[in-house]
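Please put together the full structure from these sequences, using the hints given.
Below are the chains, spelled out letter by letter.
Number of protein chains: 2
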Amino acid sequence: MSYFSPSIEKLIESFESLPSIGNKTAIRLAFHILNSSEEETNNFIKSIQDAKKNLKFCSKCYNISDTDPCEICANSSRDQTKICVVEDVKDVVAIEKIHEYKGLYHVLHGSISPMDGIGPDDIKIKELLARLMEREIKEVILATNPKVEGEATAMYISKLIKPMGIKTTRLAHGIPVGGDLEYTDEFTLGKAFEGRTEL
Amino acid sequence: MSYFSPSIEKLIESFESLPSIGNKTAIRLAFHILNSSEEETNNFIKSIQDAKKNLKFCSKCYNISDTDPCEICANSSRDQTKICVVEDVKDVVAIEKIHEYKGLYHVLHGSISPMDGIGPDDIKIKELLARLMEREIKEVILATNPKVEGEATAMYISKLIKPMGIKTTRLAHGIPVGGDLEYTDEFTLGKAFEGRTEL
Chain A
1 MSYFSPSIEK LIESFESLPS IGNKTAIRLA FHILNSSEEE TNNFIKSIQD
51 AKKNLKFCSK CYNISDTDPC EICANSSRDQ TKICVVEDVK DVVAIEKIHE
101 YKGLYHVLHG SISPMDGIGP DDIKIKELLA RLMEREIKEV ILATNPKVEG
151 EATAMYISKL IKPMGIKTTR LAHGIPVGGD LEYTDEFTLG KAFEGRTEL
Chain B
1 MSYFSPSIEK LIESFESLPS IGNKTAIRLA FHILNSSEEE TNNFIKSIQD
51 AKKNLKFCSK CYNISDTDPC EICANSSRDQ TKICVVEDVK DVVAIEKIHE
101 YKGLYHVLHG SISPMDGIGP DDIKIKELLA RLMEREIKEV ILATNPKVEG
151 EATAMYISKL IKPMGIKTTR LAHGIPVGGD LEYTDEFTLG KAFEGRTEL
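These protein sequences, in sequence, are chains A and B.
Position 199 of the first sequence, counted from 1, bears residue number 199 in the working numbering, the numbering being contiguous throughout.
Position 186 of the second sequence, counted from 1, bears residue number 186 in the working numbering, the numbering being contiguous throughout.
No lab work stands behind these hints, which were simulated from the structure alone.
Please read these numbers as outputs of a predicted model, since none were measured by experiment.
In this text, a Cβ means the ideal position worked out from N, Cα and C, and glycines have one as well.
Please note that the accuracy of each hint is not assured.
Looking from chain B toward chain A, a few residues come up when the C-beta cut is under 7 Å (computed) [claimed, not checked]:
| id | residue |
| --- | --- |
| 1 | Y3 |
| 2 | S5 |
| 3 | L18 |
| 4 | T25 |
| 5 | S37 |
| 6 | T41 |
| 7 | I48 |
| 8 | L55 |
| 9 | E139 |
| 10 | I141 |
Cβ-Cβ distance ranges computed for the label pairs, FRET-style [what the hints assert, rightly or not]:
| id | chain 1 | residue 1 | chain 2 | residue 2 | range |
| --- | --- | --- | --- | --- | --- |
| 11 | A | N42 | B | Y101 | 35 to 45 Å |
| 12 | B | A172 | A | K24 | 22 to 32 Å |
| 13 | B | S20 | A | K97 | 46 to 56 Å |
| 14 | B | N54 | A | I166 | 52 to 62 Å |
| 15 | A | S59 | B | E40 | 18 to 28 Å |
| 16 | A | N42 | B | F57 | 14 to 24 Å |
| 17 | B | G178 | A | V177 | 39 to 49 Å |
| 18 | A | P146 | B | S20 | 53 to 63 Å |
| 19 | A | R170 | B | T184 | 50 to 60 Å |
| 20 | A | V148 | B | Y101 | 48 to 58 Å |
| 21 | B | L160 | A | K97 | 58 to 68 Å |
Far from chain B by the CB rule (all over 10 Å, computed), these chain A residues [to be verified]:
| id | residue |
| --- | --- |
| 22 | I27 |
| 23 | P69 |
| 24 | N75 |
| 25 | N145 |
| 26 | Y156 |
| 27 | S158 |
| 28 | T168 |
| 29 | A192 |
Written as structure tokens, this is what we have:
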């Protein structure tokens, strides 16, 4: 049963349909919108419309961007011989934040997951291979997620790339910095042992 | 420094400006919008626009509503001799949810708070008095919040109303149902003692 007027109810439902927004937060957000000025509301709506209108996929790396090619592909000062392969646009941002990697990216937009009916043809693997043929690439860093699907995707891609004589690497597994041995799960600890380095 | 394209950055900022939305949630919401269909996005925008356009204050009780008078004021089956005075529109909903009260409401849109420069003229007290003159009201329930400002507002209003011979009541204070004596603050416990009832 609804206790609000239809228009508020509709607005609350709209907010509730967003991820990680529960009923209480949706009500708070709806009333925030109602109490906002006309201009604030219009700016909010405009930012949504602009984002939907302006953003496109980079035709090279499939990152999302206002421009095509994206800022990273268009930046000639970046190392054009390295490609870091990630599952998602958000992973590009995560890696950019560490200011460590200066090469290019390739966004797969998913990972191979037979359980969900996602095969190699459903993600941007063909497009990656096309890029590798086109230009001389020296290293492909497979930065898919350290989960079953991400590992499978990395294995699949590395098998395709190795015959091309391109170096393929995978991000290291190990104990998180500042982490605690006691609370590290056995798989991570196992990987940390495997990958131990000499001092 | 920004790692996202300008349009995404703008959208994330828009979401971040909403109450109780932090950076991580804003990013999640922005990408949810980007991954939504054209139709879903348009529905979301429409719900905001409709709410801003359709909602108005009820000219009687100052509740927010698609209609004027609001559904509650327009409902003749409700007890027209009782008015429950609340600070906020959300309080109307909170009280409606208990299905206990069948009278009318009056939304003050705030409480007297000299610290914030809000005096009796800044909230809908005059309008309440006008309603009390207009029609025969038997009881005014002062359901302002049990905080300093709410208490002061209730005191102020009751002093104005009492000479009119209208019964004024205040919601009971006490231990919450299912609550724990041990964890009840001393003020509430004091009020619970004061208001104890005979079995």
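Quiz item: Of the hints given before, which are not true for this structure?
Solution: 5, 9, 10, 13, 18 and 22
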